[in-house]
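Chains as they are written, first to last, in this note's numbering: chain A, 5 to 220; chain B, 4 to 575; chain C, 65 to 367.
If you're looking for bench data, these hints aren't it; they were derived computationally from the structure. Any given hint might turn out to be false.
What the hints assert, rightly or not - Okay, derived cross-link-like pairs now, DSS-like style, lysine-lysine, Cα gap no bigger than 25 Å in a straight line: (1) B:K105 - C:K328; (2) C:K265 - C:K344; (3) B:K221 - A:K131; (4) B:K479 - B:K553.
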Amino acid sequence: MTITLHDFELSGNCYKLRLLMSILQLRYDIVPVDFFPGREHKSDAFLRLNPFGQLPVLQDGDLTLSDSGAILAYLARRYDASGQWFPDDPAVTAEVLRWHAVADDITATASAARLALGFDYPFDLEKTQAGAHRIFRIIDEHLWFGEKSGRDWLASPAHPTTADIACFPYVMLSEEGGISRQDYPALRRWTDRVRRIPGFIVMSGIFPAGPALPAA
Amino acid sequence: MTLSLSDPAWYPIASSDDLPFRHVYQGQLLGRELAVWRADDGNVNVWENRCLHRGVRLSIGINEGAELKCQYHGWRYANRSAGCTYIPAHPADAPARRIQNKIYPVAEAFGLVWSAAQDSDNIERPFAPFPGAESGQWFPLRPMPVNAAPEDVLAGLATLAPDDRPADSLPGLALRLGDVVYFVQPVDAGRAVIRGLLPSTPADATQALRHYNEMLSKLRDRLERAAAKKPAPEPLAPAFDKVSADLATMPDIAIPRGNTIPVVVKRKWTSADGVIGFELAAREGHLPTFQPGAHIDVHLPNGLIRQYSITNGPGELMSYIIGVKQESASKGGSKVLVETVRQGDMLAISEPRNNFPLRRDATRTVLIAGGIGITPLLSMARFLDKSSLPYELHYFTRACEQVAFRGDLEALHGTVLIHTGLPRAEIGTTISTALGAWSQAQHVYVCGPSAMLESVRTTAAAQGWPDEAIHFEYFKNDKPIDDSSAFDVELARSAMTLHVPAGKTILEVMRDAGLTVPSSCEQGACGTCLTTVIEGEVDHQDVYLNDSEKAANTCMMTCVSRAKSARLVLDI
Amino acid sequence: MPSIDPIDHIDPITRDLWQVIAATDELPVGQIQRTTLLDVPLAMTRDSAGLPVVWRRSDEEAGDDVDPENILDRLPVTTGYGFVWTSLGTPSAALFPIPEYAEADRKNMSCGSIGIHVSAPRAVENFLDMGHFPYVHTDILGAEPHTEVKEYDVEVSEERDEVLATRCRFMQPRAAKSATHAMEVEYVYRVPHPFCSVLYKSCPEDENRRDVIAIFLQPVSEDRCRAHLLQSMIDSTSTITDLRRFQQTIFGQDKPILENQYPKRLPLDPRAETPIRADKSAIAYRRWLSQKGITYGVIPMAS
Ligand SMILES: N[C@@H](CCC(=O)N[C@@H](CS)C(=O)NCC(=O)O)C(=O)O
Ligand code: FES
Ligand SMILES: [Fe+2]
Numbered sequence: 005m006t007i008t009l010h011d012f013e014l015s016g017n018c019y020k021l022r023l024l025m026s027i028l029q030l031r032y033d034i035v036p037v038d039f040f041p042g043r044e045h046k047s048d049a050f051l052r053l054n055p056f057g058q059l060p061v062l063q064d065g066d067l068t069l070s071d072s073g074a075i076l077a078y079l080a081r082r083y084d085a086s087g088q089w090f091p092d093d094p095a096v097t098a099e100v101l102r103w104h105a106v107a108d109d110i111t112a113t114a115s116a117a118r119l120a121l122g123f124d125y126p127f128d129l130e131k132t133q134a135g136a137h138r139i140f141r142i143i144d145e146h147l148w149f150g151e152k153s154g155r156d157w158l159a160s161p162a163h164p165t166t167a168d169i170a171c172f173p174y175v176m177l178s179e180e181g182g183i184s185r186q187d188y189p190a191l192r193r194w195t196d197r198v199r200r201i202p203g204f205i206v207m208s209g210i211f212p213a214g215p216a217l218p219a220a
Numbered sequence: 004m005t006l007s008l009s010d011p012a013w014y015p016i017a018s019s020d021d022l023p024f025r026h027v028y029q030g031q032l033l034g035r036e037l038a039v040w041r042a043d044d045g046n047v048n049v050w051e052n053r054c055l056h057r058g059v060r061l062s063i064g065i066n067e068g069a070e071l072k073c074q075y076h077g078w079r080y081a082n083r084s085a086g087c088t089y090i091p092a093h094p095a096d097a098p099a100r101r102i103q104n105k106i107y108p109v110a111e112a113f114g115l116v117w118s119a120a121q122d123s124d125n126i127e128r129p130f131a132p133f134p135g136a137e138s139g140q141w142f143p144l145r146p147m148p149v150n151a152a153p154e155d156v157l158a159g160l161a162t163l164a165p166d167d168r169p170a171d172s173l174p175g176l177a178l179r180l181g182d183v184v185y186f187v188q189p190v191d192a193g194r195a196v197i198r199g200l201l202p203s204t205p206a207d208a209t210q211a212l213r214h215y216n217e218m219l220s221k222l223r224d225r226l227e228r229a230a231a232k233k234p235a236p237e238p239l240a241p242a243f244d245k246v247s248a249d250l251a252t253m254p255d256i257a258i259p260r261g262n263t264i265p266v267v268v269k270r271k272w273t274s275a276d277g278v279i280g281f282e283l284a285a286r287e288g289h290l291p292t293f294q295p296g297a298h299i300d301v302h303l304p305n306g307l308i309r310q311y312s313i314t315n316g317p318g319e320l321m322s323y324i325i326g327v328k329q330e331s332a333s334k335g336g337s338k339v340l341v342e343t344v345r346q347g348d349m350l351a352i353s354e355p356r357n358n359f360p361l362r363r364d365a366t367r368t369v370l371i372a373g374g375i376g377i378t379p380l381l382s383m384a385r386f387l388d389k390s391s392l393p394y395e396l397h398y399f400t401r402a403c404e405q406v407a408f409r410g411d412l413e414a415l416h417g418t419v420l421i422h423t424g425l426p427r428a429e430i431g432t433t434i435s436t437a438l439g440a441w442s443q444a445q446h447v448y449v450c451g452p453s454a455m456l457e458s459v460r461t462t463a464a465a466q467g468w469p470d471e472a473i474h475f476e477y478f479k480n481d482k483p484i485d486d487s488s489a490f491d492v493e494l495a496r497s498a499m500t501l502h503v504p505a506g507k508t509i510l511e512v513m514r515d516a517g518l519t520v521p522s523s524c525e526q527g528a529c530g531t532c533l534t535t536v537i538e539g540e541v542d543h544q545d546v547y548l549n550d551s552e553k554a555a556n557t558c559m560m561t562c563v564s565r566a567k568s569a570r571l572v573l574d575i
Numbered sequence: 065m066p067s068i069d070p071i072d073h074i075d076p077i078t079r080d081l082w083q084v085i086a087a088t089d090e091l092p093v094g095q096i097q098r099t100t101l102l103d104v105p106l107a108m109t110r111d112s113a114g115l116p117v118v119w120r121r122s123d124e125e126a127g128d129d130v131d132p133e134n135i136l137d138r139l140p141v142t143t144g145y146g147f148v149w150t151s152l153g154t155p156s157a158a159l160f161p162i163p164e165y166a167e168a169d170r171k172n173m174s175c176g177s178i179g180i181h182v183s184a185p186r187a188v189e190n191f192l193d194m195g196h197f198p199y200v201h202t203d204i205l206g207a208e209p210h211t212e213v214k215e216y217d218v219e220v221s222e223e224r225d226e227v228l229a230t231r232c233r234f235m236q237p238r239a240a241k242s243a244t245h246a247m248e249v250e251y252v253y254r255v256p257h258p259f260c261s262v263l264y265k266s267c268p269e270d271e272n273r274r275d276v277i278a279i280f281l282q283p284v285s286e287d288r289c290r291a292h293l294l295q296s297m298i299d300s301t302s303t304i305t306d307l308r309r310f311q312q313t314i315f316g317q318d319k320p321i322l323e324n325q326y327p328k329r330l331p332l333d334p335r336a337e338t339p340i341r342a343d344k345s346a347i348a349y350r351r352w353l354s355q356k357g358i359t360y361g362v363i364p365m366a367s
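Same shape as in the complex, but just chain A:
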């Protein structure tokens, strides 16, 4: 079976899937979609794939899926033999899904601010920026107390999950929306950790972190 990703390079939601598939070492084809300036995601052909007119769309054999969070869960359940990325435990599943929802809130705020400033979208800049700051404050606090108790990731397991992948891209791209992360030092440290996950790849706008201190 072949996996096909309908993809736009500058989309953080598409990148979530490229990132997980790289970490899981999955092979896939890319169908580039001219999201900007072509607005191809509103074309008839694309709307037949996803009536919501949104990227990303992933096809796996006969299956056509949309929504990055849903697809992350699908890929992890289907292809992650370790079971770590989207754990089975009901409580952890709920926790991860909670963060997938936060990721959508980040898309609605930080990503919207980026679209407003970079891609001429008619969003309310001040409102989206303020919304992103509100979310970042909470995540920073969560991660700061996590560090104090030995938790490095958004969800409670001792390893990263799709929760981290879902929230990462638009946190990292927030400055393009005029949202500084200077006030969120724990959030900044977490972005270093995500960038050091084996198999990590970049997208345009996100630079790699250098290597961690080698264990003595």
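Following the hints, complete the assembly by docking chains B and C with the ligands onto the known chain A.
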């Protein structure tokens, strides 16, 4: 109280825990943005958050452990000094001009990192602990950023005091509430961070941290609601310093010239049979930035000047470590150092200079050392090691006991091969195997006795290594000097014209005319007398400049080189 | 309080230039689109013949229907290279030339107009810069260890009044969408307009011709601009979507660098930053701007 850009007071700018290894923290104090990073040796660097090259924030760069790498063009800046050590666009050049980022003073105490808007070279007000600091085992709270004017935040904190026990105000933007001390970090005119310290680690630390975090969050929300009703204050507008005039132009080659630096011999030890190690430390603070392959002039008590390579790794600036060969027949250079200089003595050294720059753009680097020649190559190996670049170090000595810096060599992660007591012929074949056939982007660096230099040079050439891939350093100029020419030199800045007869050097003639001009080896090997040429054609006889620098005809060594034209105009 | 017209703050050279504001094809017919040029709010549309109409806006909203016939107070307009250009002053007759654009077999395309929080001249300088390829465009336009910027030539052409850098060479892992292996790529850079630059680079498909990529910057304010990207390629296999994606990938990598650059306006004082030999073209560009008397989007030399 209004904030002043030039307020020299110390403020906390981060928690110690904010600075794990290999991370760059983004901070701000009185409007100035800061890139703050902890090197692998534990030292905390507080720098202006702006690369001197093209102004990119260093907080998006990479903490490589001993150097910070800028994200835009990969310039490297050294731990402690913020001096630029490498410019990848010109990998074969040593960035000899002193490119140094702006640094702020730093102190780490009570679980916090402190800094001040002062010139770090000239601190007018040193760090002093807050009153009562000595009585606690301080435990920092979660910092609380607030979008409100620092003075309003301080006033807000004071309102947390119970009526019967008002807050004690402390110097600066700080106060004590009961036994908890709060500092307000003035980020900018309308932004602050509350940094609190508990006097000891509470029994249930998490619960206590949560409790204070909740309390401060509520205060923050209150302060921000009030601030939102007022007009936002104008952000402070710190100016960026200008770079020195010589950095604003692009000379083809740099003119190293510097003052001497007093150092103290912190340690003197026998590193191996016939090799004495010296650790030279600055009297205070750190020593200047150096690049791998660099050497210093050591001014000896008997007036002689000798060159020694620095063996240190990147960002190690608290002292330089050099190795000195104990030569029985030495004419007073090394001999003085070895025999009369003792631990605790003061010496003068020059700023580091580099005639032996290390490229960091090789796919393979071969380092070949003979005897005391290990010193520059040890430094190179350490730099390559830190950047995880591949290298092979071959170190030849006559006997096992002569292997210097053994412990340091063992700490390296690359390929280190020590060859002891090989017969001459076998040295040749070992070198040949070590080099192998050349391919694109491979470089070899050699330092050792001239026979070894020659051997590496000819073997490498025979195995297809081009000249540009073979690097060695001359500490001596063995070539015969032809001083038969006669010509005039015009000294543009001194407004005088002198005649240089056959048998005399330009340097001698200038000194006869009463000028003070620096020199050291007087063999055209050390670079001290390098002078800019404005007009005329130079007859280069030194071993300091490389071929393209010689061809450029823009500078010369006045101790040996002469004129092909009838007249030279020098920038002196 | 007397209202201050933002036009008064624009230096006369900048005011009289043609400035890019949109990709012609992306401008709707009979509907309003809004933009800002040099701090001046503009409205634009296309008439039934497809010709752009541009005017200073007051309370027009994007998407409103408009009959272009009713717009009387129009700004000068020209079209070129697939884009709409206007001017707040008295522009010269013609736009600078890019003769290759007219070659019949080229794929010409806009790659989108992207807003960046930096001045237009900073973005021009980034476009001229080769030293950042290995660090910013890793594994595409450069990769360590090939970091060296070799000597190249720069001149300011008197006759054409433009900065010209030639003999620029760089080792590139994947120089273009059509490239299959690493190659040393040769570049020529032109700066024919204070806020526009055009580059010519070796074309993987035909060694006798050059791909042309241009960046036209719309100065929105002193410290913000919109980058309008043009590609004019010799590439018989890639689709327009592929080619756009390649260029957007590259530009998306430059964006965070540019937005983290301080100060946002380009400093013209040579002592503001530290140039190296690799920056020769940038030095020439800064000098050229200085000599022209451009003050918009730059920090002029203190006189
Ligand atoms: N919740 C969706 C959001 C996807 C989304 O916002 N996609 C953007 C591109 S990154 C898009 O296609 N936006 C067009 C639209 O919403 O009309 C997901 O995570 O996939
Ligand atoms: S801007 Fe930092 S290296 Fe060029
Ligand atoms: Fe770029």
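Right, here's what the structure says about each hint:
Proposed proximity of K105 of chain B and K328 of chain C is supported: the alpha carbons are some 19 Å apart, at most 25 Å. With a C-alpha separation of about 19 Å, the suggested pair K265 of chain C and K344 of chain C falls inside the 25 Å cut-off, and the hint holds. Proposed proximity of K221 of chain B and K131 of chain A is supported: the alpha carbons are some 22 Å apart, at most 25 Å. Annotation: proposed proximity of K479 of chain B to K553 of chain B holds, straight-line Cα distance about 18 Å (limit 25 Å).
Checked against the numbered hints given earlier, this structure breaks none of them.
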